[in-house]
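Enquirer: These protein sequence lines are chains A and B, in that order. For what it's worth, this note's numbering labels the leading residue of the first sequence as 151, then goes sequentially. For what it's worth, this note's numbering labels the leading residue of the second sequence as 151, then goes sequentially.
Hints are computed from structural coordinates only; laboratory data are not their basis. Keep in mind it's a predicted model, so treat the numbers as computed, not measured. Check the hints yourself; a few may be wrong.
Put simply, identical chains are the same to the list, so a pair is met inside one copy or across any two.
Below, in silico cross-link-like pairs of lysine-lysine (DSS-like), each with a Cα-Cα straight-line distance of 27 Å or less [unchecked claim]:
1. Lys220 / Lys157
2. Lys396 / Lys220
3. Lys223 / Lys153
4. Lys164 / Lys453
5. Lys153 / Lys164
Protein chains: 2
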Amino acid sequence: MSKKIGKQTFRPEKPPVLISSAAVAGPFEGQGPLKDYYDHIYTDLLAGERTFESAEKEMLLNAAFTCLNKAGKAPQEVDLFLAGDLLNQTITSGFSALELAIPYFGLYGACSTSMEGLALATMLVDGGFADLVLAATSSHNTTAERQYRYPSEYGVHRKPTAQWTVTGAGAGLVAREGEGPRITHVTVGKVVDFGIKDVNNLGSAMAPAAALTLVQHFADTGHGPDYYDLILTGDLGKFGQSLTIKLATSRGGFDLTKNYRDCGLMIYDTQRQDVHAGGSGCGASAMVTYGYLYRKLLQGKLKRILVAATGALHSPTSFQQGQDIPAICHAVAIEA
Amino acid sequence: MSKKIGKQTFRPEKPPVLISSAAVAGPFEGQGPLKDYYDHIYTDLLAGERTFESAEKEMLLNAAFTCLNKAGKAPQEVDLFLAGDLLNQTITSGFSALELAIPYFGLYGACSTSMEGLALATMLVDGGFADLVLAATSSHNTTAERQYRYPSEYGVHRKPTAQWTVTGAGAGLVAREGEGPRITHVTVGKVVDFGIKDVNNLGSAMAPAAALTLVQHFADTGHGPDYYDLILTGDLGKFGQSLTIKLATSRGGFDLTKNYRDCGLMIYDTQRQDVHAGGSGCGASAMVTYGYLYRKLLQGKLKRILVAATGALHSPTSFQQGQDIPAICHAVAIEA
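Here chain A stands alone, though its shape is the one from the complex (with noise of 0.2 Å):
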């Protein structure tokens, strides 16, 4: 009776609830098509705080405890808490971890890590070894810019395939028992590698990985693109979308024009916000799963959906290096 099936793809035995969710987000994703589904949007990028790393945990935070307010639970009662982050050392995770004093295991997929830490939390409830189990992830333009490229004060010129990184932060709150979507499936990504050597065209990069991972979720479950009323990937821009529909097919004959969207398109007016390819980061998937398809399986006008978050698993050291840029996709099942 084991949960594995097919080879990437875990199948709880009795699937956990996603029992609420919350989503904070930045002002200029807070002018977006989902403002509505936010239950934060910040009016500046500090947020208050005096660095912009100490604002994103501020993020972070609320996200979290706001989903704990609306289970109506207390940190004191939550088993385990899971986040990463894209800071070096993860600090607006391990910083959180602190404030929450949850038992914390801290991830690292980078833009993946939404759902590395959902598929997580969904196994290790399954398990047995936890009631509730807090997920979160979160990002910042900012923080990221100056980390991964320049400080935005260099003005530097950006490249047509470039990703606007999001600011924002999502949770969600995984238990045993209790109302809502239930996650019943979790396919594990393997780490590819297809030569992009380009760090401003991350989404080709990581198409790859999401096209692959997906194709193997249809082939471990017997479910094509059809059983889902939406699929998801976390933040592949247009060109990484374009992309992933084309690998889908050519790597497993499936269609992914009909039902298929990217959250790093969805959380941006590409007409009217200047994102160039879209947007990127842990928080954009986090922030569409947590806020907008959370509300919309409750509310029944989505039933199922697959939300495929991919990483980058490079750094700017093994890009100085020279190497290609690796990268994976995990893949949920969330039902309501």
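Take the given structure of chain A and dock chain B to it, following the hints.
Expert: Structure of chain B alone, referenced to chain A:
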């Protein structure tokens, strides 16, 4: 029939088996008192690679493949790979996962990652999600020094409380069935902050996390320190070790003076090898656990051990911004 006992401890229903392990060491570590317990000792820090970062990856992969070989397992037979390291964006682990091609969850717990990985592997196997999980971690003196502090070539004077980052890697293979010592308890740490800001005194910053997790483990399980043949911390060094002994007494009334050692102090002959306060890094607890301790458990020289690995969750950025150094500690009980 919860698998959670007390506040932070998790007890698998059927304790998973550590069926294999391996440890590899850098040249300096290979001159230390545990030299006979490593599977491979490198003769130079570059390990035949072009960069120190690639060398660290080579070491982690060597430990991983050696561990698999000893168990007669191929990577394709392994359900999940859990790994993390100290480098920004944990590139050692991500690039290793690419070569292993095993579905991968990336972790970040600084030097607590060794036991974070082993704890999660235990939970995922006992939860029914995997038959075989490979957990691994690494550190490298030169990659860590130039990332966290200064390139070695600067010749910066070191403080007496400073520790020496260990070069090496370790891997363990956790299985549902098989021969070997079993993982009987896991205590997941909370992040704590005792106000230390000195990045040259990480042992003291991490000691409170070690003491609190050990005290919680004893309280949750009802097993006092006497239950174990040996209790280990990961890389506290001599100042952190003595502080842990004091805090275990003052916070819990437990006597750690009889059977407690620190992995960072075991790796080097501290009389002959100048490592100031001792060794540190993810590799420290991994090399001692997966090299020395595992063999002692197989030989019956040790029957019950408790490995408590600590991690300092700061970053150069958080330090420069005046933040304290928060720390965490995860403890894993292994019984022959």
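Enquirer: Which of the listed hints are broken here?
Expert: 2
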